[in-house]
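Engineer: Below, each chain spelled out in residue letters.
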Amino acid sequence: MSAAILYWSVIAAQSMLAIAMALAVYRMTRGPRAQDRVLGLDTLYVNAMLLLLTFGIETGRTVYFEAALIVALLGFVATVSLAKFLMRGEVIE
Amino acid sequence: MMSNADVPLWAAIAVAFFLILGSALALIGSYGFVRLQNFYERLHAPTLGTSWGTGGIVVASILYFTVTGERLAIHELLVGLFITLTTPVTLMLLARAALHRDRAERNPDVPVAPIPFPLAADDAEKNEG
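The listed protein sequences correspond, in order, to chains A and B.
Sequential numbering from 1 applies to the first sequence in the working numbering.
Sequential numbering from 1 applies to the second sequence in the working numbering.
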């Protein structure tokens with residue numbers, strides 16, 4: 001019983017997060033402006049990180065947690081440097 | 001480690017509830033991100049996913065690993081803490097960059113700068129000379 005509850009809730013959560021990632025990709029490809037694309041990338045990596053955490057619950061392994069942490073870290077650096085680029089035209093002055 | 005079949009029913013229901021809560025909020029946030037009209041409105045929508053979207057899934061993960069590992073597992077809190085700390089920074093920087101770009105283009109939809117945008121530097125030079 002509890003195995004079935006866990007299985008189906010993980011499947012539902014993964015489908016919802018996959019749809020959320022698809023919506024973020026839609027906004028990232030359509031724009032209309034550069035800041036929308038950067039925000040789309042930001043949303044995309046947060047959703048991907050949440051998806052990795054649900055993979056961790058599905059398999060019972062903690063490897064996915066470390067991957068999620070690295071995705072969060074790199075995503076933060078990427079968004080900050082892209083925002084800096086939009087503001088100033090270069091990243092390192 | 002115990003298998004998923006040995007997880008008590010209350011724990012399975014709680015994990016399922018928080019998983020669904022978190023992913024549903026992330027989905028609603030992304031839907032709002034596609035649906036809303038201008039960039040400054042769209043900026044607010046994905047924060048649903050970064051606040052309780054992340055919170056729900058992190059709580060589900062902590063519960064699951066605590067119950068199956070039969071010891072307290074709170075390493076997922078790191079992810080929650082990190083996202084909570086970084087989201088305001090990124091969104092603030094992005095909003096400021098967008099406002100700067102809109103003002104540089106003299107877009108009428110954004111409020112004007114307290115000091116008119118490109119003139120500020122010129123005035124400073126005039127006042128000095």
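None of these hints come from the bench; they were simulated from the model.
Note that the coordinates shown come from a computational prediction; the quantities given were computed from them, not determined experimentally.
Check before you lean on any hint, since a few could be wrong.
[Unchecked claim] Covered stretches of chain B, as calculated for chain A (at least 3 residues, CB under 8 Å): (1) 8-14; (2) 25-37; (3) 46-58; (4) 67-80; (5) 94-103.
From the three backbone atoms N, C-alpha and C, an ideal C-beta is built for every residue, glycine too.
Engineer: Confirm or reject each hint.
Structural biologist: Verification of the supplied hints:
1. 8-14: holds (count 5)
2. 25-37: holds (count 7)
3. 46-58: holds (count 7)
4. 67-80: holds (count 5)
5. 94-103: Holds, because 6 residues of the segment 94-103 of chain B bring their Cβ atoms closer than 8 Å to Cβ atoms of chain A.
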